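As a plain string of letters, each chain reads:
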Amino acid sequence: MSEGWLGRDVISILDFDREDLEVLFEEADRMKSLLANGSVPKTLSGRIVALAFFEPSTRTRMSFEAAAKRLGAETIGFTSEEGISVAKGESLADTVRMLDSYADLIVLRHRYEGSALYAAEIAVHPVINGGDGRQHHPTQAMLDLYTVREAHGVIDGLTYGVLGDLRYGRAATSFILSLGLFKPRRVYLIAPPSLEPRAEVMMLIERLGIPAVKARLEDVIGELDVLYVTRIQRERFPDPEEYERVRGAYRVTPSTLEGAKRDLIVMHPLPRVDEIDPRVDSTPHAWYFRQARNGVPVRMALLNLVMGGGAS
Amino acid sequence: MSEGWLGRDVISILDFDREDLEVLFEEADRMKSLLANGSVPKTLSGRIVALAFFEPSTRTRMSFEAAAKRLGAETIGFTSEEGISVAKGESLADTVRMLDSYADLIVLRHRYEGSALYAAEIAVHPVINGGDGRQHHPTQAMLDLYTVREAHGVIDGLTYGVLGDLRYGRAATSFILSLGLFKPRRVYLIAPPSLEPRAEVMMLIERLGIPAVKARLEDVIGELDVLYVTRIQRERFPDPEEYERVRGAYRVTPSTLEGAKRDLIVMHPLPRVDEIDPRVDSTPHAWYFRQARNGVPVRMALLNLVMGGGAS
Amino acid sequence: MSEGWLGRDVISILDFDREDLEVLFEEADRMKSLLANGSVPKTLSGRIVALAFFEPSTRTRMSFEAAAKRLGAETIGFTSEEGISVAKGESLADTVRMLDSYADLIVLRHRYEGSALYAAEIAVHPVINGGDGRQHHPTQAMLDLYTVREAHGVIDGLTYGVLGDLRYGRAATSFILSLGLFKPRRVYLIAPPSLEPRAEVMMLIERLGIPAVKARLEDVIGELDVLYVTRIQRERFPDPEEYERVRGAYRVTPSTLEGAKRDLIVMHPLPRVDEIDPRVDSTPHAWYFRQARNGVPVRMALLNLVMGGGAS
Numbered sequence: 001m002s003e004g005w006l007g008r009d010v011i012s013i014l015d016f017d018r019e020d021l022e023v024l025f026e027e028a029d030r031m032k033s034l035l036a037n038g039s040v041p042k043t044l045s046g047r048i049v050a051l052a053f054f055e056p057s058t059r060t061r062m063s064f065e066a067a068a069k070r071l072g073a074e075t076i077g078f079t080s081e082e083g084i085s086v087a088k089g090e091s092l093a094d095t096v097r098m099l100d101s102y103a104d105l106i107v108l109r110h111r112y113e114g115s116a117l118y119a120a121e122i123a124v125h126p127v128i129n130g131g132d133g134r135q136h137h138p139t140q141a142m143l144d145l146y147t148v149r150e151a152h153g154v155i156d157g158l159t160y161g162v163l164g165d166l167r168y169g170r171a172a173t174s175f176i177l178s179l180g181l182f183k184p185r186r187v188y189l190i191a192p193p194s195l196e197p198r199a200e201v202m203m204l205i206e207r208l209g210i211p212a213v214k215a216r217l218e219d220v221i222g223e224l225d226v227l228y229v230t231r232i233q234r235e236r237f238p239d240p241e242e243y244e245r246v247r248g249a250y251r252v253t254p255s256t257l258e259g260a261k262r263d264l265i266v267m268h269p270l271p272r273v274d275e276i277d278p279r280v281d282s283t284p285h286a287w288y289f290r291q292a293r294n295g296v297p298v299r300m301a302l303l304n305l306v307m308g309g310g311a312s
Numbered sequence: 001m002s003e004g005w006l007g008r009d010v011i012s013i014l015d016f017d018r019e020d021l022e023v024l025f026e027e028a029d030r031m032k033s034l035l036a037n038g039s040v041p042k043t044l045s046g047r048i049v050a051l052a053f054f055e056p057s058t059r060t061r062m063s064f065e066a067a068a069k070r071l072g073a074e075t076i077g078f079t080s081e082e083g084i085s086v087a088k089g090e091s092l093a094d095t096v097r098m099l100d101s102y103a104d105l106i107v108l109r110h111r112y113e114g115s116a117l118y119a120a121e122i123a124v125h126p127v128i129n130g131g132d133g134r135q136h137h138p139t140q141a142m143l144d145l146y147t148v149r150e151a152h153g154v155i156d157g158l159t160y161g162v163l164g165d166l167r168y169g170r171a172a173t174s175f176i177l178s179l180g181l182f183k184p185r186r187v188y189l190i191a192p193p194s195l196e197p198r199a200e201v202m203m204l205i206e207r208l209g210i211p212a213v214k215a216r217l218e219d220v221i222g223e224l225d226v227l228y229v230t231r232i233q234r235e236r237f238p239d240p241e242e243y244e245r246v247r248g249a250y251r252v253t254p255s256t257l258e259g260a261k262r263d264l265i266v267m268h269p270l271p272r273v274d275e276i277d278p279r280v281d282s283t284p285h286a287w288y289f290r291q292a293r294n295g296v297p298v299r300m301a302l303l304n305l306v307m308g309g310g311a312s
Numbered sequence: 001m002s003e004g005w006l007g008r009d010v011i012s013i014l015d016f017d018r019e020d021l022e023v024l025f026e027e028a029d030r031m032k033s034l035l036a037n038g039s040v041p042k043t044l045s046g047r048i049v050a051l052a053f054f055e056p057s058t059r060t061r062m063s064f065e066a067a068a069k070r071l072g073a074e075t076i077g078f079t080s081e082e083g084i085s086v087a088k089g090e091s092l093a094d095t096v097r098m099l100d101s102y103a104d105l106i107v108l109r110h111r112y113e114g115s116a117l118y119a120a121e122i123a124v125h126p127v128i129n130g131g132d133g134r135q136h137h138p139t140q141a142m143l144d145l146y147t148v149r150e151a152h153g154v155i156d157g158l159t160y161g162v163l164g165d166l167r168y169g170r171a172a173t174s175f176i177l178s179l180g181l182f183k184p185r186r187v188y189l190i191a192p193p194s195l196e197p198r199a200e201v202m203m204l205i206e207r208l209g210i211p212a213v214k215a216r217l218e219d220v221i222g223e224l225d226v227l228y229v230t231r232i233q234r235e236r237f238p239d240p241e242e243y244e245r246v247r248g249a250y251r252v253t254p255s256t257l258e259g260a261k262r263d264l265i266v267m268h269p270l271p272r273v274d275e276i277d278p279r280v281d282s283t284p285h286a287w288y289f290r291q292a293r294n295g296v297p298v299r300m301a302l303l304n305l306v307m308g309g310g311a312s
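Protein chains in written order, with the working numbering: chain A, 1 to 312; chain B, 1 to 312; chain C, 1 to 312.
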């Protein structure tokens with residue numbers, strides 16, 4: 001049963017259950033229609049959201065900022081470690097205490113696994129994980145699930161392919177694990193051998209009962225309802241030739257999609273470099289821009305529920 | 001006849017006509033008096049302006065930010081390429097799509113010619129060019145023309161001198177071309193040979209019927225109603241000695257202005273380094289600070305007209 | 001007698017008198033209770049505060065930003081010299097003139113002594129010194145004094161120890177001098193020989209009649225009501241061995257505090273590195289986090305008084 005959202009920390013997508021997410025999605029639907037009408041009430045007027053981005057980010061940071069401001073809240077914060085006291089050797093704990101005393105909620109992105117949880121233990125105000133380490137990016141998972149629901153009406157019963165860097169990519173990992181809260185028909189893990197999920201993630205996938213199997217894209221493309229693409233970074237490959245060899249197999253082009261179901265949606269957390277051919281953009285499969293757009297209403301819903309903005 | 005301002009992209013000053021500018025200037029007059037009374041209505045409350053500065057800027061960025069906020073709008077954005085997804089190899093098109101889905105209007109500064117036009121073709125929301133390439137900086141030209149009108153009551157019939165880097169300086173080029181919408185008596189182009197306007201700009205000047213001729217400052221100073229000064233960057237000169245030789249001839253001092261008309265105004269898009277002697281600041285010719293101040297009411301007027309803020 | 005706060009520049013704590021500070025502290029009390037009730041009126045709605053941080057800062061910048069936004073004001077500005085026109089060689093005077101024409105008040109941090117005073121002479125709008133050079137950081141001193149008053153009910157009659165870098169640390173110097181406005185019983189200056197106050201500061205201390213004497217921490221710990229700790233930066237010591245030798249004597253640990261009065265408060269402008277052992281955090285002596293938190297209500301009070309926000 002849902003614990004409710006008010007005042008809650010948002011650290012891992014696995015801290016939530018279906019009912020929680022259903023409440024969130026309905027609130028996001030409401031936000032979406034208020035945005036469309038240009039009639040968003042300033043339910044968070046007078047409130048301050050701290051955006052503490054120890055690592056740079058474009059979409060997560062700006063969509064949180066837009067979400068807060070649409071609801072009448074203000075933001076303070078920083079966009080990298082440079083120029084803040086961390087550079088002088090300040091501990092994360094002290095930085096969090098400061099933010100906690102200036103703001104009503106903290107959104108935190110940090111390169112270390114567990115930073116958001118640690119921050120949440122220190123802060124009096126709610127902490128939202130804007131991505132930490134290699135595993136957790138719960139608000140990305142929320143908007144991803146919301147996008148699936150928007151496209152297909154359901155999240156259960158679908159066949160998913162998750163393609164790319166499943167080892168270091170936190171959006172991909174977070175999305176795969178989030179499917180553990182639902183009943184997917186099957187989840188295909190499509191990655192080069194060196195970028196398959198880490199053992200600890202595979203164990204978690206199993207424990208959550210996610211019907212995940214490794215596959216090659218060409219073998220399963222015809223079965224997929226959702227193809228979630230992520231970037232393969234060249235620097236993950238010690239051998240550049242190895243990189244050149246695999247990249248073609250993980251690039252989505254119109255011909256990749258030839259055997260696809262008519263209502264297959266292609267998703268991507270963005271930014272993309274060349275893993276999705278721009279010619280895919282004009283096909284009905286392209287859902288990644290709509291997915292990015294969903295960042296604002298889903299984060300508005302989240303802020304409004306956690307900060308108790310209410311409906312008017 | 002004016003197309004009206006609502007929803008319009010602002011890419012080049014040449015996309016506008018006299019009536020458009022007259023509407024803008026009257027709106028700027030109105031903004032100026034609201035600012036003076038401290039009674040600016042929040043006509044853009046709830047709206048978000050994206051400030052996408054791929055190149056750093058001080059005055060353009062901060063005056064747009066102040067303009068948006070005076071009218072009750074909020075801003076999101078970035079102040080350089082560093083730390084945004086562009087660094088990861090994202091295309092300008094994808095970055096623009098993102099901004100377009102988070103904000104209601106995009107102000108874009110970029111080092112490549114044509115970026116603003118390209119962005120405008122992609123974005124659903126209006127795009128304002130905050131300076132791209134070497135040629136276009138339409139909002140600077142708008143506030144420059146507004147400043148001339150404020151000082152002299154008219155823009156037509158005056159004699160202009162434009163001094164400095166007419167080859168790479170986009171403010172100077174934009175200002176010269178903007179005079180093609182009016183009927184200047186004469187426009188003197190005062191530049192070292194290596195910094196004269198490019199051939200394509202000279203052709204445009206001719207096509208627009210701008211009565212432009214090259215001149216030396218000392219020969220024409222007594223005729224000028226407006227002297228528009230811009231910076232000559234040392235790095236434009238392959239030979240440092242050549243730079244040292246020319247710089248004196250393009251530095252404005254009280255003695256330069258000895259033979260000037262009593263109501264000559266000296267303008268400069270700022271920042272200046274040493275091309276205007278600070279002793280000029282206290283003469284009645286110094287209009288560059290007033291010009292800079294006009295950045296806020298002119299950009300308020302522009303945002304209000306394009307975003308449909310209305311009068312109350 | 002108090003000159004009143006409206007429109008006043010805030011350059012040095014010594015420009016103010018007890019009555020001024022009493023008015024400020026009462027306004028800060030009021031802000032604190034409005035914050036606690038979540039009922040801060042937007043008395044500065046429509047106003048713009050320029051945050052001109054030529055040097056990076058975390059607490060000062062973010063607490064000013066939070067303070068302005070809690071009161072409904074907006075902010076514009078920059079967080080380092082990088083990327084603003086200063087990099088192109090613009091003078092401080094021209095940068096200040098620009099900010100003055102975009103905003104209603106300027107908060108300035110700069111590494112050069114006297115910058116804030118210089119800016120105040122140029123600007124029409126009030127200038128608040130957010131720290132310049134090695135001596136002045138008046139708003140830090142204000143929140144420090146406010147914190148002493150909160151802990152002890154009074155500022156007069158107490159025994160103070162100021163520990164650390166008294167030579168280059170502007171928070172420590174500003175705090176010591178601020179005690180010249182009150183009647184401390186005694187002020188112990190506790191610093192390594194190479195980090196004792198400069199001769200000019202010692203003369204000022206004397207002229208202000210501050211009962212200051214040099215001391216070693218272990219000799220006076222039992223007498224102190226307030227221990228103000230600041231960071232000793234390694235780079236101040238030409239000889240790293242000398243640094244290693246002294247640092248232990250200036251590190252505050254639970255055992256340092258064993259002989260302390262029960263109501264001794266330990267303060268620190270933060271960030272700290274290792275000059276206060278985290279085990280001190282859970283003792284009742286630890287007041288540095290509360291001190292940091294006071295940054296917001298004290299700066300809200302200051303902005304509201306200077307900008308004439310009034311009470312409702």
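Derived by calculation from the structure, the hints in this document are not laboratory data.
This structure is a prediction, so every number in the text was calculated from the model and none was measured.
Quick reminder that beta carbons are idealized off the backbone N, C-alpha and C, glycines included.
Do not take every clue at face value.
Said to hold, decoys possible - Pairs of lysine to aspartate or glutamate residues, derived as EDC-like cross-links and limited to a Cα-Cα distance of at most 16 Å, are as follows:
#  : chain 1 : residue 1 : chain 2 : residue 2
1  : B       : 183       : B       : 9
2  : B       : 88        : A       : 55
3  : C       : 88        : B       : 274
4  : A       : 88        : C       : 239
5  : A       : 88        : C       : 29
6  : A       : 88        : C       : 274
7  : A       : 88        : C       : 275
8  : C       : 88        : B       : 275
9  : C       : 88        : B       : 55
10 : C       : 88        : B       : 235
11 : B       : 88        : A       : 274
12 : B       : 88        : A       : 235
13 : B       : 88        : A       : 223
To be verified - Ranges of calculated distance between the beta carbons of each label pair, as one might list FRET restraints:
#  : chain 1 : residue 1 : chain 2 : residue 2 : range
14 : B       : 218       : C       : 111       : 38 to 46 Å
15 : B       : 198       : A       : 152       : 53 to 61 Å
16 : B       : 206       : C       : 111       : 44 to 52 Å
Hint-by-hint comparison with the structure:
Between residue 183 of chain B and residue 9 of chain B the CA atoms are separated by roughly 25 Å; this puts the pair beyond 16 Å, and the hint is violated. This hinted pair checks out: residue 88 of chain B and residue 55 of chain A have alpha carbons roughly 13 Å apart, not beyond 16 Å. Proposed proximity of residue 88 of chain C and residue 274 of chain B is supported: the alpha carbons are some 11 Å apart, at most 16 Å. For the suggested pair residue 88 of chain A and residue 239 of chain C, the alpha carbons sit about 20 Å apart, so the restraint of at most 16 Å is broken.
In summary, the hint linking residue 88 of chain A to residue 29 of chain C is not supported, as the alpha carbons are separated by about 32 Å, beyond the 16 Å threshold. Of the supplied pair hints, the one linking residue 88 of chain A and residue 274 of chain C holds, its CA atoms being roughly 11 Å apart against a limit of 16 Å. For the hint pairing residue 88 of chain A with residue 275 of chain C, the CA-to-CA distance comes to about 13 Å; that is within 16 Å, so the pair holds. About 13 Å separates the Cα atoms of residue 88 of chain C and residue 275 of chain B, which keeps this hinted pair within 16 Å; it holds.
For the proposed pair residue 88 of chain C and residue 55 of chain B, the alpha carbon gap of about 13 Å is at most 16 Å, so the pair holds. Between residue 88 of chain C and residue 235 of chain B the CA atoms are separated by roughly 12 Å; this keeps the pair inside 16 Å, and the hint holds. With a C-alpha separation of about 11 Å, the suggested pairing of residue 88 of chain B with residue 274 of chain A holds against the 16 Å cut-off. Proposed proximity of residue 88 of chain B and residue 235 of chain A is supported: the alpha carbons are some 12 Å apart, at most 16 Å.
Pair hint residue 88 of chain B plus residue 223 of chain A does not hold up; C-alpha atoms about 32 Å apart against a cutoff of 16 Å. Between residue 218 of chain B and residue 111 of chain C, the C-beta spacing of about 41 Å keeps the proposed range 38 to 46 Å intact. Restraint check, residue 198 of chain B to residue 152 of chain A: a C-beta distance of roughly 55 Å satisfies the suggested window 53 to 61 Å. Residue 206 of chain B and residue 111 of chain C have their C-beta atoms about 51 Å apart, which keeps the hinted 44 to 52 Å range intact.
Of the numbered hints listed earlier, those contradicted by the structure are 1, 4, 5, 13.
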